[in-house]
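**Q** Protein chains in written order, with this note's numbering: chain A, 1 to 260; chain B, 1 to 220; chain C, 1 to 220.
Calculated directly from the structure, the hints in this document are not laboratory data. One thing to keep in mind: the hints can contain errors.
[To be verified] Covered stretches of chain C (chain A as the covering partner; in silico rule of three or more C-beta atoms under 8 Å from a C-beta of chain A):
{"#": "1", "stretch": "10-22"}
{"#": "2", "stretch": "28-39"}
{"#": "3", "stretch": "47-55"}
{"#": "4", "stretch": "109-119"}
{"#": "5", "stretch": "138-144"}
{"#": "6", "stretch": "166-173"}
Predicted model, so just to flag it, every value in this text is computed and none were measured. Backbone N, C-alpha and C define an ideal beta-carbon position, used for all residues, glycine too.
Residue strings, one per chain:
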Amino acid sequence: MSDAAFEEDGREAAREGDELVVDLEGYEGPIDVLLTLAREQKVDLTKISILALADQYLAFIARARHLKLEIAADYLVMAAWLAYLKSRLLLPAPPDPDEPSGEELAALLTHQLLRLEAMREAGARLMALPRLDRDVFGRGAPEGLPRRLIPKYDATLLDLLRAYGQQRQRKENAVLRIVPAELYSMDDALERLRRVLGRMPEWRNLVTFLPPGLSHGLVERSAIAATFAATLELARTGKIELRQDRAFGPIMLRSAPGVI
Amino acid sequence: MDDTELDRAQHLRLIEALLFASAAPLDNEQIAERLPKGTDVAALLTDLEAEYRGRGVNLIYVAGGWTFRTASDLADKLRLEKVVPRKLSRAGIETLAIIAYHQPVTRAEIEDIRGVAVSSGTLDVLMEIGWIAPVGRRETPGRPVTWGTTDDFLLHFGLADRRDLPGLEELKATGLIGARPVTLSETAKTLPFSPPDELPRRDEPDETDDAEPADDSDGE
Amino acid sequence: MDDTELDRAQHLRLIEALLFASAAPLDNEQIAERLPKGTDVAALLTDLEAEYRGRGVNLIYVAGGWTFRTASDLADKLRLEKVVPRKLSRAGIETLAIIAYHQPVTRAEIEDIRGVAVSSGTLDVLMEIGWIAPVGRRETPGRPVTWGTTDDFLLHFGLADRRDLPGLEELKATGLIGARPVTLSETAKTLPFSPPDELPRRDEPDETDDAEPADDSDGE
């Protein structure tokens, strides 16, 4: 039972006259054999005698065995199943109610046969449809439907001017000029604090040591930071003492006792 | 002829040209894209179809779209040399029919119906022709691949869609398609020995969109 | 309809189908081969040609044979044109700006001004859009092509004349060009830390290392 997709149809070769020639090569498996045998009964598949069909199949396999043909296992499984089915159909119902009855098994086999038969017919109907490039033809030289994408660029005049401006700017700024920042440095703060070092016996707020006239913002903050850093340096070297009573509270400083 | 009629004639011309020019069928939307907004494309297509009925070239709806085809009754007289796929074997035709009518279907299910193993060559050939393709996996143990038919299949056989198969409705009505296929391989368990190649069975409910009324018609 | 007329209709159908399905034009003999001997193919073709005149598809005689063609007046409508908005790359807009300001300008000069190589792709895109065109050749060794802007460029950017582009001083006045010295200016007061090159960015998702001279960022 070769199953190659393209083979010569062996069915006809397997049959001679009315006698079913035992040649398993021509069949597509046990169900196919059963279907072929069922057609011999020349009745509607739904009215077929399953008992007679089982007998025919068993005889078919017996002949094949007699001829010492190589018989694939599934043909033998089907033979065994049909023998079992036969016994169930002939003998009274078995004591176990869970087992299917002979009639149920027969109906199942009929269904299987009908279903395969239906698919065979469906295949034939499918193949009989008007088929493209065999029965019907499409346009031999279709022009095709071009789909053209037109890109639309949406740059504005502003984009253009900005681009040019940046371009020129980049050119001008090729030399890096750092504008001197007017920020307070720690050196400045140290210098300033040293001048008053010995003259601060009392606690004084750090901000009172800031240079006068500071603008608010970055420069002021840089002065605070620089002065604070300077006080830390002076405290480290024992020149002054620092005190802060609470977090974020004013930072107080005075000269260290030995410095005055 | 008033303006509306003129427009209508012009739209019919355009649809005619579109469908002639296109190598593949066009669906209503693809046609509508090229016509003024609000045009009743469906009505125009119905008219055009009627206009071409009985001519040497017909307008047909196939594989989800409209296309022109030569009239099928002229097949013999055209004698056009075209590449025709080789003749499919019986196994090939049967397998194709089972896939077409039962899709999505696993290989084990095909084997169940045919009562015989499906050689991979059969599926390969059908896939090579371009008529079948893997369409998903069955959510059962082993997650087997399911097979279905392609647009090329529809085009080749001139079918509008997968539900357009000849006799599909009757087969469904008789329970030969769609019912859970309990098969001999299942009842073979009752045999004193197990079959050589226990065929896998479908236990799980189908996770497929073609929800069939599972009318347990498997004859028990 | 008598027999002759029936035959005639059938012959027209066949010719129609033949010409439709054929990949190449067919001449009278090739058509006659498929019709009964003695059929007046020429007359039939004349009729068929008349039948299709004015439709979306016409029967025409071309390259020694008959073939169907979509009507030529519909050609434009068959093509589906879709406008897709695109963004010009930074290199593109800068190159365009330089050409606009410095025209006629050679590619080498553009590169000199940009300080970066200009890919031919950039010029190609600008030329394809229709904003620039070669305007001549520089009479220097190699006679390089010079580029300038087109009328389309003026139209798109709403300029009457290319001399309408604001000059450098005007650009500076509007803040589009600034001195932009590197400084920790007062504007940094809201920022804990402001690296000199980290200027506000355009929020467009394209390749913007393209820092805008945002009017609040540079030196006052």
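**Q** Indicate, hint by hint, whether the structure satisfies it.
**A** Verification of the hints:
Coverage of a stretch by a chain is defined here by at least three residues with a beta carbon nearer than 8 Å to that chain's beta carbons; for the stretch 10-22 of chain C and chain A the count is 4, and the condition holds. Check on the stretch 28-39 of chain C: 0 of its residues sit with their Cβ under 8 Å from a Cβ of chain A, so the three-residue criterion for coverage is violated. Coverage of the stretch 47-55 of chain C by chain A is violated in this model, with 0 residues showing a Cβ closer than 8 Å to a Cβ of that chain against a need of three. For the stretch 109-119 of chain C, the stated coverage by chain A is satisfied: 3 residues place a CB nearer than 8 Å to a CB of that chain, which reaches the threshold of 3.
Three residues within the 8 Å Cβ limit are the bar, and the stretch 138-144 of chain C against chain A gives 0, so the coverage statement is violated. Figure legend: the stretch 166-173 of chain C, annotated as covered by chain A; annotation consistent (3 residues with Cβ-Cβ distances under 8 Å, at least 3 required).
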